[in-house]
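Protein chains in written order, with the working numbering: chain A, 36 to 209; chain B, 36 to 209.
Read the hints as simulated data drawn from the structure, not as lab findings.
Check each hint, because a few of them may be wrong.
Residues from chain A that face chain B, not an exhaustive set, calculated with beta carbons under 7 Å [as the list claims (entries may be wrong)]:
#1 44
#2 47
#3 49
#4 88
#5 90
#6 117
#7 165
#8 172
#9 173
#10 182
#11 183
#12 196
#13 198
#14 200
#15 204
#16 206
Small disclaimer: the values here were computed from a predicted structure and weren't measured.
Note that beta-carbon positions come from the ideal geometry of N, C-alpha and C, so glycine has one too.
Number of protein chains: 2
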Amino acid sequence: MDFQPERSIEILQRTPATLNTLLRGLSAPWLFANEGPETWSPYNVVGHLIHGEETDWIPRLKIILERGESRPFDPFDRTAFFEKSKGKTLDELLDTFVELRAKNLQILNEINLKSSDFDRKGTHPAFGVVTLRQLLATWVVHDLGHIRQIVRVLAKQYTEAVGPWKAYLSILGE
Amino acid sequence: MDFQPERSIEILQRTPATLNTLLRGLSAPWLFANEGPETWSPYNVVGHLIHGEETDWIPRLKIILERGESRPFDPFDRTAFFEKSKGKTLDELLDTFVELRAKNLQILNEINLKSSDFDRKGTHPAFGVVTLRQLLATWVVHDLGHIRQIVRVLAKQYTEAVGPWKAYLSILGE
C-alpha cells in the first residue's frame with residue numbers, strides 16, 4: 036500500500052482510544068506484567084508512547100521542514116520515559132497520551148503539508164537520509180507495533196495456563 | 036501468572052470494545068488488507084471471532100460440564116466464517132461480535148463455576164485431555180492473538196513506506 040496522509044491519520048487518531056479501551060481499569064497484575072528482565076509492561080509502553088509524542092514524531096517533522104538534511108534528528112532516548120513516568124498512574128499516562136496525540140494531530144493538520152512536502156528529506160542519526168513520508172509511515176507502524184507488544188505481553192502471562200493449546204497459539208512463541 | 040477467572044474476564048470483556056475502537060470507520064484498504072494469499076484481513080478476523088463465540092468456547096465448556104472426557108469437542112472449523120460473513124459489512128460483524136461476547140460472558144456468569152469445576156476435564160479432538168481452566172485461558176490468549184494479528188496485518192501494508200526504519204520495526208519482520 037502506498038503511503039497516504041489521510042489513511043495514516045485514520046490509524047494515528049485511533050491509537051489513544053484503542054489503548055484506553057484495552058488497558059483502562061485492567062488489574063495491576065496485567066498492567067505491570069512483562070516478558071522478563073529488561074522488558075516492558077503495558078504500563079511502560081504507554082510511557083514510551085508519550086515520550087515519542089513529546090520528542091520524536093512532530094519535532095522531527097519540524098526539523099525536516101525547517102532545516103532539511105542539514106540538521107540530524109536528535110537520537111530518540113528509548114528509556115527516558117522510565118524516569119518521567121515515576122509516580123504516575125496508568126490512567127494519568129493514558130490521559131496524557133490522549134491529549135498529546137490530539138495536540139500533535141492538530142499541529143500536523145495546521146502545517147497543511149503539500150504533496151511535494153512528503154518528499155522532503157531529513158537526516159536520521161543512525162541511518163542517514165529519510166523522507167518526511169517515511170517518518171509519518173513509521174509513526175503509524177510504531178503505534179501498531181506497540182499495540183502488538185502490549186497484547187503479546189498480556190498473552191504470555193497465560194503461557195502455562197493454556198496447557199496443550201500452546202501449540203496452536205503462535206503469539207506465545209514470539 | 037496463574038489462571039484466575041475474574042482476571043480472564045477482564046480481558047474477554049474488553050475485546051469487542053477494543054476491536055470496535057480499532058476498526059470501526061477504518062477505510063476499506065485497511066479493513067480488507069491481508070498478508071498475501073490464504074491470509075486473513077482484519078474483516079476476516081472479526082468473522083472468525085464470531086464463529087468462535089458460536090461454536091467454540093461456551094459450547095466446549097458445556098461439553099466439559101455435561102459430558103466430561105467421554106464426548107470429544109467438535110473440531111473447530113477455522114474457515115466456516117468465510118461463508119457466514121458473506122454480504123455483511125464490518126460494522127454488522129462488529130455488532131454481532133459485541134452481542135455474542137456479552138451473551139457468552141453472561142452465560143459464563145450464570146453457570147457460576149465452583150473452584151473445583153476448573154479442574155474438570157474434556158477431550159480435545161487433536162491433543163486429548165484438557166481442563167476447563169485451560170479452555171478459558173485459551174479463550175483469553177486467542178483474543179489477544181487475533182488483536183495482534185490485526186495490527187500486524189495493518190502494519191505490514193506500510194512495509195515499503197517506512198523506508199530504512201524497517202530495521203527498527205520488528206512487527207514488519209513477523
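Comparing the hints with the structure gives:
1. 44: Violated: closest Cβ of chain B sits about 11 Å from residue 44 of chain A, beyond 7 Å.
2. 47: Not OK, violated: residue 47 of chain A not within 7 Å of chain B, min 12 Å.
3. 49: Nearest chain B Cβ about 6 Å off; hint holds.
4. 88: 17 Å, violated
5. 90: 16 Å, violated
6. 117: 19 Å, violated
7. 165: Check passed: Cβ of residue 165 of chain A comes within 6 Å of chain B, closer than 7 Å.
8. 172: Because about 4 Å separates residue 172 of chain A from the closest Cβ in chain B, which is inside the 7 Å limit, the hint holds.
9. 173: 4 Å, holds
10. 182: Constraint on residue 182 of chain A satisfied, holds at 5 Å.
11. 183: With a minimum Cβ separation of about 5 Å from chain B (threshold 7 Å), the hint on residue 183 of chain A holds.
12. 196: Holds: closest Cβ of chain B sits about 4 Å from residue 196 of chain A, inside 7 Å.
13. 198: Holds. Min distance 4 Å.
14. 200: 4 Å, holds
15. 204: Where the cut-off is 7 Å and the nearest Cβ of chain B is about 5 Å from residue 204 of chain A, the hint holds.
16. 206: 4 Å, holds
Of the numbered hints stated above, those contradicted by the structure are hints 1, 2, 4, 5, 6, listed in ascending order.
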